[in-house]
Amino acid sequence: MPPITSRQSVPSGKVELLYVKSKVYLHPTKRAQDNIPGYLSISRPSTNGTNDELLLSFTPESMLVPSEKETFSQADLSLQTLSANVSGAIYVRTPLVSCLSSYAFSLPLGSLYLVQARPPRLNLWYGLMVLNTLHNVDKLPVIFFHDDESPSTQQAQSRQNKKFDPFASGSNLKFRTSDLPWGGDEFLDVVSRYAVLEKSTLERSTFLVNPSSADRLNFMPPTSGASLNKDTANTLGKTLNGMKWKVLETFASLSTLAKTTVTDIVDERNSALPLPVKHMLKKPEVASLANDFDGARIYLAKWAMSIQEEALKLNDQSTFILGDGEDDWGIVATRRKPVTRVEWDSFFDSSGRLRITDHEVREAIFHGSIDASVDQALRGEIWLFLLEVYPWDTSLAERSVVLESYKTSYQELKAKWEQDEVKQETDLFKDQIFRICKDVKRTDRNLVLFQSPKPENGEEFDDDDVLNVRHPHLLRLKNILLTYNEYNLNLGYVQGMNDLLSPVYLALYDLVALTFWMFAKYMDIMERNFLRDQLGIKQQIETLNELINLMLPQFYQHLIKCNANHLFFLFRMLLVWFKREFLLLDDVLSLWDVMFTRFYSSLYQLFIVLALLQKHESIMMDYLTEDYEILKYVNDLAMNEHDIDDILIRAEKLFLKFRRVVYQADRGDGKQEFLTVSPNLRNLLKRTIILQKEVPRPEGVLGG
Amino acid sequence: MSSRKKTLLKVIILGDSGVGKTSLMQQFVNKKFSHQYKATIGADFLTKELPIDDKTVTMQIWDTAGQERFQSLGVAFYRGADCCILVYDVNNAKSFESLLAWKDEFLIQANVSLPETFPFIVIGNKIDIDENKRVVSYKKAAQVCQQLGNVPYFETSAKDGINVEEAFDVVSRNALQQEEANDEFNDDYNDAINIHLDGEAGNCTC
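Taken in sequence, the protein lines are chains G and D.
Just so it is clear: in the first sequence, position 384 is 384 by the numbering used here, and no numbers are missing.
Just so it is clear: in the second sequence, position 118 is 822 by the numbering used here, and no numbers are missing.
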């Protein structure tokens, strides 16, 4: 006798419940109070329909009136045992296909493609289930079985416990993903009554629903090492031939699948991608396809990274220990909470003098950055010390004296070009003012402070008249840059300085004189990046060459293979200290906080570069084979959101590891041959700023 | 050459800072213009598939930084270019005067095998700006382009999308011609080596 039948026809607008599980939750955020309880159900919309037409639905409790809730709860218990359904069919309202406001979803069982189960275990309190449809691009939410709240599961577990042998194989469930009974196994058992369910041999706890032969090839390849079944191989080949471009789209839909398999990625830290995806990508047909279409490899690499990012995002950072592999030497790096106004003020006594050492302040900021979200003046105030505009050992009264002298000297410097009409007529000045005005008008115009007000009377505020800067804040940027252009005559203004000035200005903008001096101090550090002969940048690239070769040797070999060891793809992040690399300015500023401390090194930017490369190395090695592909991939990272703490933790670990390598090399006490540490690498351990000044401007040389 | 081989055309855009190189590329590839472009740092490229007669080619368009000192580091990417677009701003005389310097700079950096026949194109951009601010006349520009070696000349507005398609159409055709010529050149070159290796190596008189 079939397990559940109904001779009566299903009333219109209703469905017949075949399976209900209560206390199934969605976890839309990490916070428990946002969890959404509901009922998972399988129901029959009509008496004569096929199994493919059965509905798999999630109905939030909040969508049901009390009597409906009662019906679902009763069904939860009564449908659980097969014998219980003799009492007759249970009908409920047809579930909503989807409802944006309530998280309900419902789909025909026939469109279900793949189910991944993660039973509860020590680090996963509630078991979860990931449902994937092949054609539906919408991502179905992950469902969590709160078994401790679900009466039917409690009932099943107590039944099992009565046997005094929870690990007995006596359970009649077809699929077991865990030794202990949990809601997910029961769900799989129910699905298997209405659909062909096959376990993937490639990926743990993954089940294919009504698999096709191509699916079988992808997820259940023969394990014997025998040659692939010709039929299935041909099927796949045909599909690929027929689809061409569409294959790439298939990858994209698979990414929906992969993004949700967080636990897998976390469990198997060394592998960025779930196995079926990996296998698919390694197929020669796919490989040649990637070669056929320009940009396909970059696309694949970006996609692979998005999966990794997703895994990191969904995973609780506090429990995720980065790369605790053997080669990590037990080095621990942590981030602390950002420095707030309250904490910053507590560093000072009543006279405004530091009561702790500046080293301690640097350490706090190095490990936590600055939280200026509440008090926007805080960052500027701290930077004034980090950049040594204000000496660390001053009192508030002393600083106000310093401030007055800064104000006076700024006005004097500004007057030097403002009031010198002869100077203003020189070719050099004209060249520079033109360059500055051009760049000021395209400096961070996405930021509120620099946005153009709405044009009035059809007149655009920021028009095409280059030298006419009318926006009040842009005008100040222009004046500061022109004053710097005079202050440092040999160097003058160079493109990119505007990018460095803009955050400094934002941090202090109502104090123009201080902004100028803070920028000038910042430029002391950055001058080497802007030299006419580019020597400072070239030296950093040379050092990075050695550093990457030492710390990421395999990746370095790959760069050589790609002819990318010129490292030009790192130029932008080096020139303006990651200003262009992140979608959010706050992320950039957090990095600047850290670099400004010079806590470990005055060249810490190179370790942040190294951390970014380390994070992406496996993906770049797997997918990218040309230097221009690497450039594009790295450039386009700027369009993503980044996990800054992750990058900073990696950077610190890399630094500490590097430092240990140097110490060991210096001691030379091992038996193997130790490397000799080049002066370039040794410089990385220094905290003093490397000052590299521009030489006097040769006769007739303009600003270019 | 196998028919499967894709045709990839590499195009480099050069010109003074702020003449609209990024805007031209964006207008051609993405049909959009933004007031929020930033000065380009380093280099970047966009690709676009486009039909030329019965062929489909992929054009890889390289956008560069305008300040001269930043040119030297990115040269690795100029190698193998099939066409070079020199851009100036019709409202800025200096950017027009720089054209020749950019052309020479390119020929040196890109290591072009036959500089005399290498395809350049000159674009005078920003024709949307008030006519009385214009400082370089069409006549003057066309004349100079002729002196540069009969270089095709277009006037565009990347902002309003005027003439951009037309300019890039010529870019793509000339680049394709160059690419095919390069292929032939390389084939001949390879053949020459093969003959040499297969033949009487001992007779070498050098």
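Simulated from the structure, these hints should not be mistaken for laboratory data.
Computed from a predicted model, the values in this text were never measured in an experiment.
Heads up, a few of these hints could be off.
Taking lysine-lysine and the DSBU-like style, the derived pairs with C-alpha atoms no more than 30 angstroms apart in a straight line are [what the hints assert, rightly or not]:
no.: 1; chain 1: D; residue 1: LYS843; chain 2: G; residue 2: LYS430
no.: 2; chain 1: G; residue 1: LYS693; chain 2: D; residue 2: LYS742
no.: 3; chain 1: G; residue 1: LYS430; chain 2: D; residue 2: LYS735
no.: 4; chain 1: G; residue 1: LYS423; chain 2: D; residue 2: LYS843
no.: 5; chain 1: G; residue 1: LYS561; chain 2: D; residue 2: LYS710
no.: 6; chain 1: D; residue 1: LYS807; chain 2: G; residue 2: LYS430
no.: 7; chain 1: G; residue 1: LYS414; chain 2: D; residue 2: LYS798
no.: 8; chain 1: G; residue 1: LYS693; chain 2: D; residue 2: LYS798
no.: 9; chain 1: G; residue 1: LYS430; chain 2: D; residue 2: LYS742
no.: 10; chain 1: D; residue 1: LYS843; chain 2: G; residue 2: LYS538
no.: 11; chain 1: G; residue 1: LYS416; chain 2: D; residue 2: LYS798
no.: 12; chain 1: G; residue 1: LYS430; chain 2: D; residue 2: LYS752
no.: 13; chain 1: G; residue 1: LYS414; chain 2: D; residue 2: LYS742
no.: 14; chain 1: D; residue 1: LYS742; chain 2: G; residue 2: LYS521
no.: 15; chain 1: D; residue 1: LYS710; chain 2: G; residue 2: LYS430
no.: 16; chain 1: G; residue 1: LYS561; chain 2: D; residue 2: LYS843
no.: 17; chain 1: D; residue 1: LYS837; chain 2: G; residue 2: LYS423
no.: 18; chain 1: G; residue 1: LYS538; chain 2: D; residue 2: LYS844
no.: 19; chain 1: D; residue 1: LYS742; chain 2: G; residue 2: LYS423
Results for each hint:
1. D:LYS843 x G:LYS430: holds (27 angstroms)
2. G:LYS693 x D:LYS742: Satisfied, since the Cα-Cα distance of roughly 27 angstroms is no more than 30 angstroms.
3. G:LYS430 x D:LYS735: It is violated: about 34 angstroms lies between the C-alpha atoms, which goes past 30 angstroms.
4. G:LYS423 x D:LYS843: violated (34 angstroms)
5. G:LYS561 x D:LYS710: holds (22 angstroms)
6. D:LYS807 x G:LYS430: Holds, at about 24 angstroms.
7. G:LYS414 x D:LYS798: holds (27 angstroms)
8. G:LYS693 x D:LYS798: Holds, because 29 angstroms separates the two Cα atoms, which is no more than 30 angstroms.
9. G:LYS430 x D:LYS742: holds (22 angstroms)
10. D:LYS843 x G:LYS538: violated (43 angstroms)
11. G:LYS416 x D:LYS798: holds (26 angstroms)
12. G:LYS430 x D:LYS752: Cα-Cα ~38 angstroms, so violated.
13. G:LYS414 x D:LYS742: Distance ~26 angstroms between LYS414 of chain G and LYS742 of chain D Cα, so the pair holds.
14. D:LYS742 x G:LYS521: holds (24 angstroms)
15. D:LYS710 x G:LYS430: violated (47 angstroms)
16. G:LYS561 x D:LYS843: violated (49 angstroms)
17. D:LYS837 x G:LYS423: holds (25 angstroms)
18. G:LYS538 x D:LYS844: violated (40 angstroms)
19. D:LYS742 x G:LYS423: Holds, at roughly 29 angstroms.
In this structure, the earlier hints numbered 3, 4, 10, 12, 15, 16, 18 are contradicted, and the remaining ones agree with it.
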